[in-house]
Amino acid sequence: EDQVTQSPEALRLQEGESSSLNCSYTVSGLRGLFWYRQDPGKGPEFLFTLYSAGEEKEKERLKATLTKKESFLHITAPKPEDSATYLCAVGGGSQGNLIFGKGTKLSVKP
Amino acid sequence: NAGVTQTPKFRVLKTGQSMTLLCAQDMNHEYMYWYRQDPGMGLRLIHYSVGEGTTAKGEVPDGYNVSRLKKQNFLLGLESAAPSQTSVYFCASSYSRTTSRRGEQYFGPGTRLTVT
Chain U
102 EDQVTQSPEA LRLQEGESSS LNCSYTVSGL RGLFWYRQDP GKGPEFLFTL
152 YSAGEEKEKE RLKATLTKKE SFLHITAPKP EDSATYLCAV GGGSQGNLIF
202 GKGTKLSVKP
Chain L
5 NAGVTQTPKF RVLKTGQSMT LLCAQDMNHE YMYWYRQDPG MGLRLIHYSV
55 GEGTTAKGEV PDGYNVSRLK KQNFLLGLES AAPSQTSVYF CASSYSRTTS
105 RRGEQYFGPG TRLTVT
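In order, the protein sequence lines correspond to chains U and L. Each number in this note's numbering corresponds to the 1-based position in the first sequence with 101 added. Each number in this note's numbering corresponds to the 1-based position in the second sequence with 4 added.
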């Protein structure tokens with residue numbers, strides 16, 4: 102069964118305190134791994150796509166990496182505006198439909 | 005461009021009532037999706053469409069119907085609402101040229117539905 106597990110469920114950081122979020126997955130026929138950001142009361146916003154092990158993508162203070170079984174979202178020197186829920190998803194099946202994890206809620210305190 | 009819009013933003017139904025949620029996108033995307041998001045469950049795919057006039061079942065299709073009469077619109081219907089359908093509903097759309105790019109989805113702001 103295709104599955105995505107994110108950890109931790111919640112993470113509290115001080116401004117400037119770097120950390121990482123984890124996304125482990127099992128899927129038959131990976132068709133990409135995707136990171137999204139979701140602010141309270143809003144729809145998810147696409148961040149990154151990773152296709153193959155060893156690939157890395159960066160955007161401002163965020164860096165996503167991919168191995169054969171998991172992905173990490175590294176947050177360097179976070180700011181309060183980085184507070185959000187970060188969702189990980191994998192594309193699987195013939196149509197590449199997304200299977201989402203439950204998300205990690207990140208809070209960054211000033 | 006407005007992106008993906010959803011109507012209504014909030015709705016309260018009584019058990020057994022029916023309603024239709026409307027999703028519209030102006031990005032000329034072929035693929036459109038309906039998800040529900042529940043606390044502790046994550047986003048789950050209800051139905052999706054790979055083009056005008058087509059629909060397909062997702063992970064949790066029971067109790068819902070969909071229609072895609074126009075490329076830019078995707079409708080989600082509840083014929084007889086149940087309390088278990090209390091949720092936040094999100095519509096999304098995506099490119100279709102490659103299977104992997106279909107994961108780059110653009111979401112609407114959501115509809116919060118409560119069934120009493």
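Source of the hints: derived by calculation from the structure; they are not laboratory data. Mixed in with the good hints there might be a few duds.
As the list claims (entries may be wrong) - No farther apart than 25 Å at their CA atoms in a straight line, the calculated lysine-lysine pairs in the DSS-like style are these: (1) 206/U <-> 143/U; (2) 170/U <-> 180/U; (3) 143/U <-> 75/L; (4) 206/U <-> 158/U; (5) 61/L <-> 75/L; (6) 169/U <-> 180/U; (7) 203/U <-> 13/L; (8) 160/U <-> 180/U; (9) 75/L <-> 206/U; (10) 170/U <-> 158/U; (11) 210/U <-> 61/L; (12) 61/L <-> 203/U.
Here's how the hints hold up against the structure:
no. : hint            : verdict
1   : 206/U <-> 143/U : holds (14 Å)
2   : 170/U <-> 180/U : violated (29 Å)
3   : 143/U <-> 75/L  : holds (24 Å)
4   : 206/U <-> 158/U : holds (21 Å)
5   : 61/L <-> 75/L   : holds (18 Å)
6   : 169/U <-> 180/U : violated (30 Å)
7   : 203/U <-> 13/L  : holds (23 Å)
8   : 160/U <-> 180/U : holds (14 Å)
9   : 75/L <-> 206/U  : violated (35 Å)
10  : 170/U <-> 158/U : holds (17 Å)
11  : 210/U <-> 61/L  : violated (42 Å)
12  : 61/L <-> 203/U  : holds (21 Å)
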